[in-house]
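Using the sequences plus the hints, can you model the full thing?
Just so you know, the sequences run in chain order V and Z.
Residue numbers for the first sequence follow the numbering used here, beginning at 1 and rising by one.
Residue numbers for the second sequence follow the numbering used here, beginning at 265 and rising by one.
Hint data in this document are derived by calculation from the structure and do not stem from the laboratory.
Glycine is no exception: its CB is placed at the ideal position from the N, C-alpha and C atoms.
Please note that the accuracy of each hint is not assured.
[To be verified] Not the full set, but computed from the structure, chain V residues with beta-carbon under 7 Å of chain Z:
1) ILE155
2) ALA158
3) SER226
4) TYR230
5) LEU235
6) ILE252
[As the list claims (entries may be wrong)] On the chain Z side, residues computed to face chain V include the following (Cβ under 10 Å):
7) LEU325
8) GLU327
9) TYR360
10) PHE380
11) LEU386
12) ARG389
13) TRP394
14) LEU405
15) PRO537
16) LYS542
17) ALA543
18) GLN582
19) ASP584
20) VAL691
[To be verified] Which bits of chain Z does chain V cover? Going by a derived footprint, with three or more residues having C-beta under 8 Å, they are:
21) 396-404
22) 547-555
23) 565-574
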Amino acid sequence: MTRTKRRTGRRHPFVFFGLLLLGLILTGGAYAAVSDDARARASVDANSQHTIDEGKKLFQANCATCHGLQAQGSGTAPSLIGVGAASVDFQVGTGRMPMAANGPQAPEKPPQFTDEQIAELAAYVASLAPGPVIPDASLTSGGGDAAKGAELFRINCAMCHNVAGAGGALTEGKYAPSLESTSGTHIYEAMVTGPQNMPVFNDLTISPESKRDIITYLKYTQENSSPGGYALASLGPVAEGLFIWIFGLGVIIAVTVWITAKSN
Amino acid sequence: MSTATTESATSTTSAAVGTTDTQKRSFTASAALYLNERTSLAGFIKELGRKAFPDHWSFLLGEVALFSFMVVLITGTFLTFFFQASMAPTHYSGPYVPLKGVEMSVAMSSTLNISFEVRGGLFVRQMHHWAALLFVAAIGLHMLRVFFTGAFRKPRELNWTVGFTLFILAMAEGFTGYSLPDDLLSGNGLRIIDGLIKGIPLVGTWISFLLFGGEFPGTAIVGRLYTLHILLLPALVVALIAIHLVFVVVHKHTQYAGPGKSPGNAVGPPILPIYAAKAGGFFFIVFGVLALIASLFTINPIWNYGPYDPSPVSAGTQPDWYIGFADGALRLIPPGWEFQWLDRTWSFNIIVPLVALGIFIILAMIYPFLEAWITGDKREHHIADRPRNAPTRTAIGAAGVTFYAGLWAAASSDILATHFSLTMEGVIHTLQAITVLGPFAAYFITKRVCLALQKKDREIALHGFESGRIVALPGGEFIEVHKQLDEYERWRLISFESYTPLMVRPDVRGRISTRQRIRGVLSRWFFEDRIAPVTKAELESAKHDHH
Numbered sequence: 001m002t003r004t005k006r007r008t009g010r011r012h013p014f015v016f017f018g019l020l021l022l023g024l025i026l027t028g029g030a031y032a033a034v035s036d037d038a039r040a041r042a043s044v045d046a047n048s049q050h051t052i053d054e055g056k057k058l059f060q061a062n063c064a065t066c067h068g069l070q071a072q073g074s075g076t077a078p079s080l081i082g083v084g085a086a087s088v089d090f091q092v093g094t095g096r097m098p099m100a101a102n103g104p105q106a107p108e109k110p111p112q113f114t115d116e117q118i119a120e121l122a123a124y125v126a127s128l129a130p131g132p133v134i135p136d137a138s139l140t141s142g143g144g145d146a147a148k149g150a151e152l153f154r155i156n157c158a159m160c161h162n163v164a165g166a167g168g169a170l171t172e173g174k175y176a177p178s179l180e181s182t183s184g185t186h187i188y189e190a191m192v193t194g195p196q197n198m199p200v201f202n203d204l205t206i207s208p209e210s211k212r213d214i215i216t217y218l219k220y221t222q223e224n225s226s227p228g229g230y231a232l233a234s235l236g237p238v239a240e241g242l243f244i245w246i247f248g249l250g251v252i253i254a255v256t257v258w259i260t261a262k263s264n
Numbered sequence: 265m266s267t268a269t270t271e272s273a274t275s276t277t278s279a280a281v282g283t284t285d286t287q288k289r290s291f292t293a294s295a296a297l298y299l300n301e302r303t304s305l306a307g308f309i310k311e312l313g314r315k316a317f318p319d320h321w322s323f324l325l326g327e328v329a330l331f332s333f334m335v336v337l338i339t340g341t342f343l344t345f346f347f348q349a350s351m352a353p354t355h356y357s358g359p360y361v362p363l364k365g366v367e368m369s370v371a372m373s374s375t376l377n378i379s380f381e382v383r384g385g386l387f388v389r390q391m392h393h394w395a396a397l398l399f400v401a402a403i404g405l406h407m408l409r410v411f412f413t414g415a416f417r418k419p420r421e422l423n424w425t426v427g428f429t430l431f432i433l434a435m436a437e438g439f440t441g442y443s444l445p446d447d448l449l450s451g452n453g454l455r456i457i458d459g460l461i462k463g464i465p466l467v468g469t470w471i472s473f474l475l476f477g478g479e480f481p482g483t484a485i486v487g488r489l490y491t492l493h494i495l496l497l498p499a500l501v502v503a504l505i506a507i508h509l510v511f512v513v514v515h516k517h518t519q520y521a522g523p524g525k526s527p528g529n530a531v532g533p534p535i536l537p538i539y540a541a542k543a544g545g546f547f548f549i550v551f552g553v554l555a556l557i558a559s560l561f562t563i564n565p566i567w568n569y570g571p572y573d574p575s576p577v578s579a580g581t582q583p584d585w586y587i588g589f590a591d592g593a594l595r596l597i598p599p600g601w602e603f604q605w606l607d608r609t610w611s612f613n614i615i616v617p618l619v620a621l622g623i624f625i626i627l628a629m630i631y632p633f634l635e636a637w638i639t640g641d642k643r644e645h646h647i648a649d650r651p652r653n654a655p656t657r658t659a660i661g662a663a664g665v666t667f668y669a670g671l672w673a674a675a676s677s678d679i680l681a682t683h684f685s686l687t688m689e690g691v692i693h694t695l696q697a698i699t700v701l702g703p704f705a706a707y708f709i710t711k712r713v714c715l716a717l718q719k720k721d722r723e724i725a726l727h728g729f730e731s732g733r734i735v736a737l738p739g740g741e742f743i744e745v746h747k748q749l750d751e752y753e754r755w756r757l758i759s760f761e762s763y764t765p766l767m768v769r770p771d772v773r774g775r776i777s778t779r780q781r782i783r784g785v786l787s788r789w790f791f792e793d794r795i796a797p798v799t800k801a802e803l804e805s806a807k808h809d810h811h
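Structure below.
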């Protein structure tokens, strides 16, 4: 009697938790679907005047000292008129801007702004003049031809960034950074805007599809560890030589000392 | 500790020869007898098995080289079963996604096949490469040990030359192997060699065309290097190793000075059974260490480099470590060493480093003969020097090591710049200074340090250590008691030879030849600053001073 009454009169006590879980999965799933590269734009409408105004405020508080109140540039920093949203998203999103100190090159560091603030800044700079836009997620999340991308990477990028994207030296203290943890969007933006010492690879030099192939290859190297074991930072023969002299020969010499030690 | 001099002898094999057939023999004894009756091995084993091998860790470095070469041979044989030394074009169709469908040579594609499809192939390939690196590194360290202990002196000068030739052959083996996979890295390496060859005046271009069978890269080089790598060079290496080891047996091993050790004997465990067991076990340790490294650490990831194409050059393109000094020499040459004359370009960018390295290698190779001529010493030397007791030689060695290290570091100038946040130009200029001026600084510092250490040894041998114990004598005098060394320790400090500079004397015709004058100058350079070994008289009088 009581059992049937319960069944009809009340929901099962775990239904609440089940529904809660379902709701969380749906919200989280939906969030994940639009997040990643589209995350910043999901919450901010880049074209609204409100966003641009917010961006302008941020710009004047944090960037204008060097880049000028109208982003017109100064003796110490370039004009940002026409650099586009992609430039801002790359420079501020990788923490390179605002620069901590003058040096041969602005190093990558933890970003100083939230994704929303970066989107507002990008919207403001983009509103000054047309420039490269933030690429669509379809071009930056892989899915292209890794083999073609690898070939393009070796021909166009490896002389500075190393075949495995481990980075390399340039002149006068400048360097090509490692690409081992760079996101697809930032790689694409770097190619179209040519930050710091990097040349611009516009759509005529390397088509958007080819850029996607390059990103596909880099994502492959980021996601797959070396088939041969620990990669020694992918630096090539220098790291290998250092390793065999210090660890290989080191262990062997320890053994020779042990073999010839006199017993007490 | 079991010791044996080379003269003492008994062996089970020779005992077995004398027994009569009526006795029941063990299988081993029968087999030994059977073999001996047909080969007369007993005498050989008796002689070799009782050879003494002095015990010191640094005497095993040559063995490390030998053992890693054996690993190279074993793994290399496996690789030849699958490698195809052909530059014919093909399209990769194996499992490695970022190379699928890419055009490459058969050599590259078969190396990828070894890496990804042959069972255990990648492991063996990595072991081959790691063992090759260890092989040359062990040779280098072994050579330093022989140099700094003066173990190249009579009667071992020829063996130094044989060993040095082995070092050069090992580098050649390494470089030809590095070039075989026909990936981007090896192609870039070959391009530098091609440039080096073309930098030789007059004949350079001809030699390059001869080597590559036409314009670089051509379609012949991998096949040719393969023949050198697996046939000619290994045969030479094996032959020279055999000569090297026969010399070691003939000369006996050197040993450090110590009680009971004289130039006429060799003190240490006999080869059979102790030393052979140790060496046999050591082979498996070297094998095991290499296997462990090969299974845990990537080496030469050709899948990253992709097939050779003359246009791309990757950042961080370097040769394997043992060719680094040559790459470094090229990097250190300042720009603009060429001019126009007689309607031709005269370039010194390549020929100067080539000649400098050639001179360096030749000097190192003939050093034993130079030193023997300067000292005029015709005696045999079987006691290894402590480096401090030959200050000039040690200082020359330190200068040579500094020169080599400067060139070697220069080969990694780009990596030094990125990893220590330096400028490329700063690194190059610093290394230029180190390579040119460093050897002089190293020479003077090392020589002074050696002389200072000799002085300290002399002081300790004569007066012992300060014990810190102050004793008041009945008369009110205070003395500090010095702790004397025991006889064994003192022997180590005082038993070394010292040369005095040669006196230049007129010959029978009353003339002093230029040769003699040069020799006199060199001898003065070698031995002018010297600390004489403690004499017996000094020791005696020192004993009377302190109690």
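Could you work out which earlier hints the structure fails to respect and list their numbers in ascending sequence? Failing hint: just 15.
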